[in-house]
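Protein chains: 4
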Amino acid sequence: MVIVIKPHASKQRIEELIYDIENNGIAVERVVGSDYTILGLVGDTSKIDIDRMRVNEIVHKVMRIQEPFKRANRLFHPKSSSIKVGDREFGGGKIGVIAGPCSVESEEQIVTIAKKVKEAGASFLRGGAFKPRTSPYSFQGLGYEGLEMLKIAKQETGLPIVSEILSENMVERFARDVDVIQVGARNMQNFMLLKELGKTRKPILLKRGLSATIEEWLMSAEYIMSEGNNNIILCERGIRTFEKYTRNTLDISAVPAIKRMSHLPIIVDPSHATGMGWMVMPMARAAVASGADGIMIEVHNDPEHALSDGNQSITPIEFNELMNSLRIISGAVGRSI
Amino acid sequence: MVIVIKPHASKQRIEELIYDIENNGIAVERVVGSDYTILGLVGDTSKIDIDRMRVNEIVHKVMRIQEPFKRANRLFHPKSSSIKVGDREFGGGKIGVIAGPCSVESEEQIVTIAKKVKEAGASFLRGGAFKPRTSPYSFQGLGYEGLEMLKIAKQETGLPIVSEILSENMVERFARDVDVIQVGARNMQNFMLLKELGKTRKPILLKRGLSATIEEWLMSAEYIMSEGNNNIILCERGIRTFEKYTRNTLDISAVPAIKRMSHLPIIVDPSHATGMGWMVMPMARAAVASGADGIMIEVHNDPEHALSDGNQSITPIEFNELMNSLRIISGAVGRSI
Amino acid sequence: MVIVIKPHASKQRIEELIYDIENNGIAVERVVGSDYTILGLVGDTSKIDIDRMRVNEIVHKVMRIQEPFKRANRLFHPKSSSIKVGDREFGGGKIGVIAGPCSVESEEQIVTIAKKVKEAGASFLRGGAFKPRTSPYSFQGLGYEGLEMLKIAKQETGLPIVSEILSENMVERFARDVDVIQVGARNMQNFMLLKELGKTRKPILLKRGLSATIEEWLMSAEYIMSEGNNNIILCERGIRTFEKYTRNTLDISAVPAIKRMSHLPIIVDPSHATGMGWMVMPMARAAVASGADGIMIEVHNDPEHALSDGNQSITPIEFNELMNSLRIISGAVGRSI
Amino acid sequence: MVIVIKPHASKQRIEELIYDIENNGIAVERVVGSDYTILGLVGDTSKIDIDRMRVNEIVHKVMRIQEPFKRANRLFHPKSSSIKVGDREFGGGKIGVIAGPCSVESEEQIVTIAKKVKEAGASFLRGGAFKPRTSPYSFQGLGYEGLEMLKIAKQETGLPIVSEILSENMVERFARDVDVIQVGARNMQNFMLLKELGKTRKPILLKRGLSATIEEWLMSAEYIMSEGNNNIILCERGIRTFEKYTRNTLDISAVPAIKRMSHLPIIVDPSHATGMGWMVMPMARAAVASGADGIMIEVHNDPEHALSDGNQSITPIEFNELMNSLRIISGAVGRSI
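Chains as they are written, first to last, in this note's numbering: chain A, 1 to 337; chain B, 1 to 337; chain C, 1 to 337; chain D, 1 to 337.
Honestly, the hints are just simulated from the structure, not real lab data. Some hints could be false.
Unchecked claim - A short list of chain C residues far from chain A (calculated; beta carbon distances all over 12 Å): (1) E15; (2) V59; (3) H60; (4) N248; (5) A254.
Unchecked claim - Output of the computed footprint for chain D on chain C, the stretches with three or more beta carbons under 8 Å from beta carbons of chain D: (6) 163-175; (7) 185-197; (8) 297-306.
Unchecked claim - Partial list, derived from the structure: chain A residues whose beta carbon lies under 10 Å from chain B: (9) R52; (10) R133; (11) Y137; (12) N311.
These figures come from a predicted structure and were not determined experimentally. Where is the CB? At the ideal position from N, CA and C, for every residue including glycine.
Work out the full structure: start from the sequences and follow the hints.
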C-alpha cells in the first residue's frame, strides 16, 4: 500500500500515522518530495483498512498495490483452472456450450429442445425453473416442478443441467439435482447465498452483475472460494450503459481481462446481453474469437410463443448454423468445440 | 399498448397477430399509414407479453402506454402516502432525519452517538448489524448482537431504529426488533426477500440499486406491495456512472421524478452516494431543497477509527451544523424539520 | 408518430391539438381506450417537432415510428454500401485493415512502420499528425509536417493514408493530402466540421463519440450525407462506462446493430477502446468474428518509446500473428482479408 | 509519481528504468517489499509520460500524485476566483442567475422574455443564436441575426448576454458582441476552439461534456487558461447515465467537488440536464443549496410554441416563483441572490 501525505501536513501527525501503521506489524518507508511525502508500507497490509486511511485528514491519496482477491488471483495460481462437470469441463482445450430455453415450460418442451441442441453439438442443457422477473406480475417459472423436468431431459439426453438458484434456502436441493448451479446477475452480491454455495463443492456459474466492475465480480467469486469451493465459472452477460438500442452492452473485453487477472474460466451469454435473437450469432462468434472458454445460448423451438424472453432466443436451426461457424473460429484461437 | 407493424408485412400475418391479441379479450384498432401500420390495443393489456410481441417478425416497435407498476403508481393514488413509524412519519409535512453510524461497533458507541444525534434533532437512529461487504475479508458486522445494542440505544433515547436486512431468513427477527427494515442497494432485486417482507406490515426502507432505473426501483416496491405491505419508503443513494471522483453519482433528480410517478415517500442518503464526509453536507442540503421527504446521514463520533466507512461519516458537531441549515431550507420548500 | 393523450384530458384540448397537427397536412386517427386516447399521425411527420408535442400538458407520451436518419437508413437503401478508396474498399467481401502508429513521429519512423504493416497484409496506413490530447501540456502532434511524412510513406509503400482532422479550417488541405479523413470521437458532434466535410467527396472515417448512442452516431453521418457526401465509414472505438479496468468498453454489438440499421460499412478500433496492447489481439479477432468490415490497429516498432499512446500499440511481429488468425476467422464469416 | 514494479522483475530492468527516469532530472527512491518494489519519483514529473511508464513490461501500476491541471487547481490558488462581467460577477457572495429562451426566435420574443426575467431578478440574459442540433433537419438557430436581436434585448434591459459559440471562426465576432461566451457540452473537447478562446480575455462559460469526468472538464478549462484567459465559469448540465427517465442525470455533487479541486466558479443548468420543465424548479433549488455560484434557466413565454427545447422551459411566472424560494435557500448557505 502507498499512502501520499498532503503538503503542509504537520510532522507530528505524520509520525502518529506511521506509529499507528507500524503497530500492525508493518514497516513504513518514507519518500519525501518537494510537495508531498509518500509512505510505502511493507508487509501484510490486508489488515489495514484503506477507508480508514483515507479519512485521515493529512492523507491525500491511498493506492492499493495488490488486488483484493487472492484465491481467484492468477498471480498466486499462474496455471488456468479447469472446472470439471462429470466428464466435461470449462477452461480446457474444448469450448463448453450451454444451450436451452430461458424457462422450462413443460416436459415435452424441454426434452424436445434438449435433443435438438445435443444434436447440434451442445454439451450442457440450460433451463430456468425459478425466474427472477422485474415484475411480480410476470411468469415466475415452474419452480421445483421445472427442476424435475430438467432431470428428465438429462436422463433422455445425457446432457448435464445448468439452472439458476434464487435463495440460500434452495442450496441443498440444487446441489442434489443440478450439475452446475447458476447465480444470476441480480444475486452476484447476495453474500448470504454466495457463502452457502461456498460450503458445497458444486460447480457454480457466477454471472456478472449488471453494474459490477470486473474486480467486484472476482470478489464475489472470492466469497465462494473463501468458504472452500473453488469450482467457479464466470459468465459475462452484458453491463448496463447509456446505450438503449441493445438491452445491455456485452463487454467482450471482460474475457481477456479475466484471463489476465484470474485463473478461473470465463464464458459469455450473448442472449441476455443483447436481448435480441438476431444479435446472438455474431456476438457468440465474437466471444469465442476473443478467447472465451464457453458460451451460453438461449434456444427455443418456438420463440414467438416462449413464456419468457422469446425475443432473445434463436431456433435450433440457427443454433446449428452457429455451431458450424464456431468450429472454424475456435480453431483460429487454438481451441476446439 | 401500441404495436407498429413493419412496412411490407403480409396482410395475412397482420390478421393472425390481431386474431391472437383479440383472443385475449382485447380490442384492436388499426391506423394505416403510408409505410407503417399501427395497432392500438384497447382493454386490459397486462396479460399481453410485450417481449412476445417484439419477437414477431412483422413487428417494428412496441410501446407500452401504461406504467408497469400499479400499487406504487400515483395515477391510481393521487394523494401522497405518508408512512407512519410509531408517532413519526415519512411523507408528511415534517422531514424525517435518520442518523447514526455505518456499523454498530459496541453498546457504548451506539448509545453515545444515538444521544448526540437525538440532541441535534434526528428522529431515527440507523446502525448496521449485518454489513454486506464487497470483500469476504472485511468486517461483516456484529450480527444479532448488534441488533441488541441498537435496542438498548432505542431504550435510552426513544429513537426508532433502522437497520439493514440481508436474507429472507432474518425477516421474522427483524420484524420483531427493528422499526424500519432497510433493504440495501445490492438486494433491491432479491425477489425472495422482497416477497417475504411483503408479508409483514413493517415499514420498509427500499434503497435504489446501483444501476436500477427508477422504473425498476418502483417495480421492486411493487413486489413488496403486491404481497400486501404498502409501508414503503424509497431511498436514493447514488447510481453508478463513469465518474470516478465520487463513489457513486447521487441522482437528486430521482426525487422529483418519484414524486411525479408514485405516491410513495422518498428520502436521500448522501453518505453512501458520495463516499466522502466533506460532501455530505452540501448534498443533504440539495436533497431537502429538491423536495425529499427525509435524509439518512452517517454520523460517527470518531470517523478515523470507525470499523467501516468512516470515510463518509460526519461528526456530531457537523451534523448539528447541518441540521441548522436544513431548518431554513425546509422552510423554503414548505416543510419543517 | 403516435401521441398518447393523458386520462381526463378535456375534449376541447384534444380537438385543438388535432387541429394543430392537421394544419401541417397530416391526417390524425384516434383510438379511444378506457384510460388513454391514442392519436396515430399519418403523413410526413418530419415537420412535427416531437419536443413541442411532449410539452403539451395533455400529452402523456410520444413515440416516433420512423428513425430520424434517412440517407444512412437501411430501410431506404437495403443494399450495403461499399466505400471505395482508390482500388480498395470498405464494405465489400474483403476486410479493410488500417494499421500504423498513433502519432507520426519522424519520416524514418512512419516509413519503417508502413513497410512492416504492409508486409503483414495491412491495406491502409494510419498516423496522427494533429493529436487531440486531454492535456494542453501533452505532445500535440507534428501538424502539417506530419502529413508530409505520411505522404512520403504512401509513396514508398503505396498504402493509402488515414489521418485525423481537428477543424473545419483543415478540410481543404486534408481533402488534397489524405485518402481517408478521420473524424475523432471528440468531434463526432462538431457539426460545423461535419457540414464542411459533407461538401467534399472524400471518404470520411467517422468515429463514435465516447457517449454517443448508435442513433446519434448515425445522425452525425446524416449531417455529412445531407451535404452530399455519402462516403462514410463508421468506426466503433469504445464507449464510456463505469468499468475502470479498460479505458473504454468496446461495444462490439454496435457492429451487428449498425449492419441492421444502416447500409454504411463499420470498422472497429480495438487499440483506443481498450488502451492496452495485450488486449488488442483478442478484441480485433472478436470484431472480425462479429461481422465488422474492417479494423484499425495501432502498430509501433518501439511501443515503450512512442510519443503517444504506446501503451495500446502492438509490435509488427504481433500484428503479423494477428493477421494470420484473422485470415481464418474472416473465412468463418464469409469474408476474406 | 509512484511506480510499482511487478514481482520477479529482473534487477537489470529495474536499474534501466531508474536510469531512464533519473536522466530527466528526477530523483528516484526505492521501497522494496516482499512481492513488489515501489519507486517514488521526486522532482518535476510533468515531463514523464505516464502512458510510456505503463507500457514498460516490468511495471505493475503507476499512480500520479499531483492533479494534471495546474492553473485551475485550488492547491496553487487557495482563494476562490470571482469572474467579473461588467458590474456583476460569478463566484462572489451573490448568486448569478442567467435566464432566457433556448433559441432566439425574433426580436419581439427575446425582448419580451428579457424584460420578464429581469423583473423577476435575473442578472444575465441567455439566448441561442447558433444551435448545435443532433439532426441536420432541425432548426439550427438564426445565426448572427440572432446575435443582433440579443444586443437589442441587452440595450432594452441592461442585462449582459450569454450565447453559445460553435467554431473558432466565430471567436472574433462573439468576443465583440457577447458578454459571456458559452462553450456547449459537445464542444468541451474542441481543443482548437478552446485555444482560440484562450487568446481573448472574455468570460467563458464552459459546459461539462456529456460524458466528461470532472478532471477532464478541468483539463479543458486548463486549455483556455494555458493561453492566458483565466475568466472561466464552469457549468454542470447533466451527464449521460443508464437512466432513461430524465434526459441526463444532473450531477449536483460536481458542485462541491469542483469547489474542492478548483478555485473557479461553478454554476448549474437544470433545464438541459433534465429536459423537463417541471423538474427545473426542484433541481435549481438543489443546485443553490449545494453551494453553486449560479444557475442558468430556460424561460420561455410560450413553451408550447418554442422553436427548440420548449419541453424544458419554464414560464416567467414559474421563474418568478423559483426566484422567491431561492432567496431563502441562498441565505441558508451564506449567499444572496
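Hints and how they fare:
Against the 12 Å criterion, C:E15 stays outside the reach of chain A, whose nearest CB is about 34 Å from its own CB. With a least CB separation of 21 Å from chain A, C:V59 remains clear of the 12 Å interface cut-off, as annotated. Its beta-carbon lying about 20 Å from the closest one in chain A, C:H60 satisfies the requirement of being farther than 12 Å from that chain. Here C:N248 does not stay apart from chain A, with its beta-carbon only about 9 Å from theirs, under the 12 Å limit.
With a cut of 12 Å on Cβ distances, C:A254 falls inside the contact zone with chain A, its closest approach being about 8 Å. Only residues whose beta carbon comes within less than 8 Å of a beta carbon in chain D count, and the segment 163-175 of chain C has 4; three or more means the coverage holds. For the segment 185-197 of chain C, the stated coverage by chain D holds: 7 residues have a C-beta nearer than 8 Å to a C-beta of that chain, and at least 3 were required. Look at the segment 297-306 of chain C against chain D: 4 of its residues bring a Cβ nearer than 8 Å to a Cβ of that chain, three or more, so the hint holds.
The closest approach between the C-beta of A:R52 and any C-beta of chain B is roughly 6 Å, which is under the 10 Å cut-off, so the hint is satisfied. Look at A:R133: its Cβ gets to within about 8 Å of chain B, closer than 10 Å, so that hint holds up. The beta carbon of A:Y137 comes within 6 Å of a beta carbon in chain B, closer than 10 Å, and the hint placing it at the interface holds. Evaluation of the A:N311 hint against chain B yields a held restraint, the C-beta minimum of about 4 Å falling below 10 Å.
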